[in-house]
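Undergrad: So the chains spell out like this:
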Amino acid sequence: MTQNRPPRWKRMLEWDKRPLRLDSFSEESPEDGFAVLHSPFDPAPGLKVGPKGDVLEMDGRKAADFDILDAFIAAHHIDVSVAKEAMELDSTLVARMLVDVNVSRTELERLARGMTPAKLAEVVGKLSALEVTFAYSKMRQRHSPGNQAHVTNAKDDPLQLAADSAIAVALGFDEIETTMRVAGNAWANALACTVGAAVGRGSTLFQCSIEEAEELKIGLAGLATYAETVSVYGSERSFVDGDDTPWSKTFLTAAYASRGIKARCTSGAGAELLMGYHEQRSVLYLEARCLCLQRAMGVQGTQNGGIDGAPLTASMPGGVRELMAENLLAVWLGLECASGNDTRTSESEIRIGAKITPYLLAGSDLITSGFGSIRAYDNSFNPSLFNAEEMEDYLVLQRDFEVDGGLAPLEEEKALHARSQAVEALADVLDELGLATADADMKNSVIFASGSEDTETFTPRRTLQISRDIAARGLTALDVVKALALRGRRDMAENLMSMLRQRISGDYLQTSAVVRDGRVISAVNEPNNYSGPGTGYRMNQPRWDRVKAVRGTINRSHVLAAEGNHEPPTGSAQLYSIGIAAKGEDPHEVVIGISPAFGDRLHCTTAGHAVSEVLDALTKGVLEGGGMPRVVRIRHTADTSFLGLSAAHLAGSGYGIGVQAKGTAIIHQMDRLPHMNLELFSNAPLVSLEQYRAMGRNAGRMTWGETPEPIIVTNNGQALGARFHPRVALLYAIETEMTEPGAEPEEMFFASPERNA
Amino acid sequence: MSSDARNLYPLSEKAPHLVRSKTGLRLEDFTVDAVLEGRVGAQDLAISPAVLRLQADIARATGRDRLAENFERAAELVAVPQETLLNTYELLRPGRARSAEELRAQAALMRRDYGATRIAAMIEEAADVCERRGLFTKRF
Chain A
1 MTQNRPPRWK
11 RMLEWDKRPL
21 RLDSFSEESP
31 EDGFAVLHSP
41 FDPAPGLKVG
51 PKGDVLEMDG
61 RKAADFDILD
71 AFIAAHHIDV
81 SVAKEAMELD
91 STLVARMLVD
101 VNVSRTELER
111 LARGMTPAKL
121 AEVVGKLSAL
131 EVTFAYSKMR
141 QRHSPGNQAH
151 VTNAKDDPLQ
161 LAADSAIAVA
171 LGFDEIETTM
181 RVAGNAWANA
191 LACTVGAAVG
201 RGSTLFQCSI
211 EEAEELKIGL
221 AGLATYAETV
231 SVYGSERSFV
241 DGDDTPWSKT
251 FLTAAYASRG
261 IKARCTSGAG
271 AELLMGYHEQ
281 RSVLYLEARC
291 LCLQRAMGVQ
301 GTQNGGIDGA
311 PLTASMPGGV
321 RELMAENLLA
331 VWLGLECASG
341 NDTRTSESEI
351 RIGAKITPYL
361 LAGSDLITSG
371 FGSIRAYDNS
381 FNPSLFNAEE
391 MEDYLVLQRD
401 FEVDGGLAPL
411 EEEKALHARS
421 QAVEALADVL
431 DELGLATADA
441 DMKNSVIFAS
451 GSEDTETFTP
461 RRTLQISRDI
471 AARGLTALDV
481 VKALALRGRR
491 DMAENLMSML
501 RQRISGDYLQ
511 TSAVVRDGRV
521 ISAVNEPNNY
531 SGPGTGYRMN
541 QPRWDRVKAV
551 RGTINRSHVL
561 AAEGNHEPPT
571 GSAQLYSIGI
581 AAKGEDPHEV
591 VIGISPAFGD
601 RLHCTTAGHA
611 VSEVLDALTK
621 GVLEGGGMPR
631 VVRIRHTADT
641 SFLGLSAAHL
651 AGSGYGIGVQ
661 AKGTAIIHQM
671 DRLPHMNLEL
681 FSNAPLVSLE
691 QYRAMGRNAG
701 RMTWGETPEP
711 IIVTNNGQAL
721 GARFHPRVAL
731 LYAIETEMTE
741 PGAEPEEMFF
751 ASPERNA
Chain B
1 MSSDARNLYP
11 LSEKAPHLVR
21 SKTGLRLEDF
31 TVDAVLEGRV
41 GAQDLAISPA
51 VLRLQADIAR
61 ATGRDRLAEN
71 FERAAELVAV
81 PQETLLNTYE
91 LLRPGRARSA
101 EELRAQAALM
111 RRDYGATRIA
121 AMIEEAADVC
131 ERRGLFTKRF
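Chains as they are written, first to last, in the UniProt record's numbering: chain A, 1 to 757; chain B, 1 to 140.
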């Protein structure tokens, strides 16, 4: 049976092995709920309002047939004072208004309050991915972008949670969200993150994600400041299966506010599909219902853009465009938006990087609603779009586009200092409160750990006991403040106290509020005012200086310093100038023309060879090929072709080799055009000493009229430009700086090791 | 209060004199020393109805009337004990109440004991819609 299998195209077999092939891709089929921006089963937008201002019919359904979502939306979302005007506007016109810098955000928000879910979905469905991105940058609520971190680990280890919270705060995350593998560990998690977040710049909003009632209790104890698990769904039956109704969630939202706790809803494309009750509607229409409901509930914000359903939505054609379109709906409705990008939607790093890019360009209240600030295997929510593994990639993307993704690089020394402070402080608090004792080995293993696989810490049973004791003894954030102060950690006690003080003023309950350096910043005191170039958020110079300072940047002094380390060891080959070089007469003479800085200010090629070794290999090769090597320093040029050509003109054979300090080498012949060389090693970082020797050998053989096989330096696709070009440009600038127009070539005495001997 | 309310925000910076905890403490009373000396306790970590109403004014002044209504409902819930709060939430979840009457009774209790008229109206609305949609079926 297998013998007749047709041969496969090898390219296809290679593609089969790409991580992308692990992703699944689904076809559109609206009858099964697989429809992204529009389904033929979506209702047409429509609204009928009675004389008393009550909604009689909405999106094709009469009031008597309203399900729980329709009923709530009609009663609390639809602003009848603007509904007629808004519903009569042509949807394409409204879509154009969304991308028109001359139409203000507040005017568009006013109109949204009069639009039904179907109308809102129809409008954003008219925007391309680029237009959605642009509209989002205009409509998002807070002026400056922010970001949220997941801080969890596979062991629910409190010491590691404290260390990783401190890191999240130091990186600049505005919110930290934790959850646990074992529900009973919730209190230990909350206490550990509370302590860790108090290290450094002054704490941050913090959430412990667990069942609603328990979350409220933890919040009440001051061990959490916001809640994000107020999930809503776009169809009645999925809502009920989610174990809530619009009224229970509205009540819960008010309950959180009544305890001074910030809350946001969760919804997102694909949830209803996963729960089996999609009603054949498009995911965008169902999400529009969720978002109208959220505005109606009076919640300040949402996390949407797929969330758990993101991979399912991303599997559909146009799915990623839809995810951002629903984020746009959220901000258009005046909601804070934690714009998803939490669940990892692909195995392809290219799809991951592409997914985040429009959000980085547009900015968002919280660009991800959960960046895995910890290793992917430690992420108890499941891996995020970005995790600790890719943290530096994200930091570089910010630098590439000159955008603020909410984070800034963190030096290793500062990171270790923060980790150690957090771990020691938590150990002190646990000890002071009589909860547990962490020994030095445990603490050290956590401070230096990348993830929980590296730690020697509390046993799972011990952690569970800590958590139970916190709950049973009714410990609160004030006990933590006290313990920190008693152990001489006054600054951390003050940081935590300042967060607790915020609870009394309720300032962070307002839309898009975050706490930065002890100050509340929200859409009220710092609203997004984008109205075209010259307006809106731009990083100020100090912020940009921090954001762009990624690890491993180089400049001229770094390059020169590195060269200093590559000076040839004593006793090795040396170069001595011995006067002006004249034209040679030996018919087999090959001149090796070295560049101005070769072995003078620059000593190392980009492949890491000492230049003296390269020269040694070339001269040996020429001899092996039957040629007579002569070394000449060319001083009027540093260009490879002209080095080679100048050398060739000096050689008795008419054949010359040109070589730059960075290692680029060429064989040239005197009567050829400058760029018509005989052999060229252009990818210097890949050239071995053996290959230089072979090049020399070929040049030698050419003087005998032979045509040797050219030496092939294989390149297996490395991005050499990315790896080497900054260094190459700086090295080459040093070479060109040393050139002197009209300077004569110098005869060099090359004291190779053999000659030294 | 109209657009002026925006000038009060953030209260902690612009109008700290208007802020009192549920127990009557001022912002400046919340210090580490006060905690160490036992002058601030867990019961003091509570927002007051007056502050929530101020935040409602601020929200309304920025064009967020629904958020303002949420803060006003929240103001009504400040005095509601934790257990009652959780029980009421539980009762509003699908299938917990066996009939609309059970919800209406809870609404009456919230109105009578806590003066929570907005909350009561919301519970009654839930009773009406859930009754029409048949959502009083037992779920577990």
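These are computed hints drawn from the structure, not numbers from a lab. Be aware that one or more of the hints could be misleading.
Stated by the list, open to error - Derived pair list, reagent style SDA-like, types lysine to any residue, alpha-carbon separation capped at 25 Å:
#1 K138/B - D67/A
#2 K138/B - A44/A
#3 K126/A - G242/A
#4 K138/B - G518/A
#5 K14/B - V559/A
#6 K52/A - G63/B
#7 K482/A - G63/B
#8 K482/A - G38/B
#9 K138/B - T553/A
#10 K482/A - R132/B
#11 K22/B - G38/B
#12 K48/A - D65/B
#13 K84/A - G38/B
#14 K22/B - D65/A
#15 K52/A - S12/B
#16 K414/A - T553/A
#17 K482/A - K14/B
#18 K138/B - S238/A
#19 K138/B - K52/A
#20 K482/A - D65/B
#21 K48/A - R132/B
#22 K482/A - L27/B
#23 K48/A - D32/A
#24 K138/B - K482/A
#25 K138/B - K48/A
Unchecked claim - Distance windows between CB atoms, simulated:
#26 E349/A - R133/B: 29 to 35 Å
#27 T106/A - G115/B: 53 to 59 Å
#28 K14/B - G276/A: 48 to 54 Å
#29 R132/B - R516/A: 45 to 51 Å
#30 R516/A - R139/B: 41 to 47 Å
#31 L36/B - D454/A: 33 to 39 Å
Stated by the list, open to error - Interface residues of chain B toward chain A, partial, derived using beta-carbon atoms under 10 Å:
#32 S99
#33 L109
#34 I123
#35 A126
All C-beta atoms in this analysis are idealised placements derived from N, C-alpha and C, irrespective of residue type, glycine included.
Undergrad: Work down the list of hints and note, for each, if the structure agrees.
TA: Consistency of the hints with the structure:
Among the hinted pairs, K138/B with D67/A is consistent with the structure: their alpha-carbon atoms are about 19 Å apart, no more than 25 Å. Only pairs whose Cα atoms come within 25 Å are accepted, and K138/B paired with A44/A is rejected, the gap being roughly 35 Å. Of the pairs offered as hints, the one joining K126/A and G242/A is violated, with about 31 Å between alpha carbons and a cut-off of 25 Å exceeded. Taking the CA atoms of K138/B and G518/A, the gap is near 47 Å; set against the 25 Å cutoff, the hint is violated.
The hinted pair formed by K14/B and V559/A fails the criterion: a straight-line CA distance of about 52 Å is larger than 25 Å. Under the criterion of a C-alpha separation no larger than 25 Å, the hint pairing K52/A with G63/B is consistent with the structure, at around 23 Å. As the CA atoms of K482/A and G63/B are separated by approximately 41 Å, the hinted pair breaks the 25 Å bound. Restraint check for K482/A and G38/B: the C-alpha separation of about 10 Å stays at or below 25 Å, so the hint holds.
As the CA atoms of K138/B and T553/A are separated by approximately 64 Å, the hinted pair breaks the 25 Å bound. Between K482/A and R132/B the alpha-carbon distance is near 53 Å, which puts this suggested pair outside the 25 Å criterion. At most 25 Å may separate the alpha-carbon atoms for a hinted pair to count; K22/B and G38/B meet this at roughly 17 Å. Using a Cα cut-off of 25 Å, the hinted pair K48/A and D65/B holds, with the two alpha carbons roughly 23 Å apart.
Simply put, K84/A and G38/B have alpha-carbon atoms about 58 Å apart, too far for the 25 Å limit, and the pair is violated. About 43 Å separates the Cα atoms of K22/B and D65/A, which puts this hinted pair outside 25 Å; it is violated. Distance restraint check for K52/A and S12/B: the Cα-Cα separation of roughly 42 Å exceeds the 25 Å cut-off, and the hinted pair is therefore not satisfied. For the proposed pair K414/A and T553/A, the alpha carbon gap of about 18 Å is at most 25 Å, so the pair holds.
Note on K482/A and K14/B: the hinted pairing is violated, with a Cα-Cα distance of about 29 Å set against a maximum of 25 Å. Distance hint between K138/B and S238/A is fulfilled; the C-alpha atoms sit about 16 Å from each other, no more than 25 Å. For the suggested pair K138/B and K52/A, the alpha carbons sit about 36 Å apart, so the restraint of at most 25 Å is broken. Annotation: proposed proximity of K482/A to D65/B is violated, straight-line Cα distance about 40 Å (limit 25 Å).
In summary, the hint linking K48/A to R132/B is supported, as the alpha carbons are separated by about 21 Å, within the 25 Å threshold. With a CA separation close to 18 Å, the supplied pair K482/A and L27/B stays within the 25 Å bound. About 30 Å separates the Cα atoms of K48/A and D32/A, which puts this hinted pair outside 25 Å; it is violated. As the CA atoms of K138/B and K482/A are separated by approximately 47 Å, the hinted pair breaks the 25 Å bound.
Only pairs whose Cα atoms come within 25 Å are accepted, and K138/B paired with K48/A is rejected, the gap being roughly 35 Å. A hinted range of 29 to 35 Å is violated for the C-beta pair E349/A and R133/B, which are about 46 Å apart. As the Cβ distance of T106/A to G115/B is approximately 35 Å, the hint placing it in 53 to 59 Å is violated. At about 50 Å, the CB distance of K14/B to G276/A agrees with the hint of 48 to 54 Å.
One distance hint, 45 to 51 Å for the beta-carbon pair R132/B and R516/A, holds here, with the actual separation near 47 Å. Separated by about 43 Å at the C-beta atoms, R516/A and R139/B satisfy the suggested range of 41 to 47 Å. One distance hint, 33 to 39 Å for the beta-carbon pair L36/B and D454/A, holds here, with the actual separation near 37 Å. Hint status for S99/B: violated, given a least beta-carbon distance of 15 Å to chain A, over 10 Å.
Given hint, L109/B at the interface with chain A, is violated; its Cβ is 14 Å from that chain's nearest Cβ, farther than 10 Å. A hinted interface residue such as I123/B counts as satisfied when its beta carbon comes closer than 10 Å to some beta carbon of chain A; here the least separation is about 7 Å, so the hint holds. A hinted interface residue such as A126/B counts as satisfied when its beta carbon comes closer than 10 Å to some beta carbon of chain A; here the least separation is about 3 Å, so the hint holds.
The structure shown violates the earlier hints numbered 2, 3, 4, 5, 7, 9, 10, 13, 14, 15, 17, 19, 20, 23, 24, 25, 26, 27, 32, 33.
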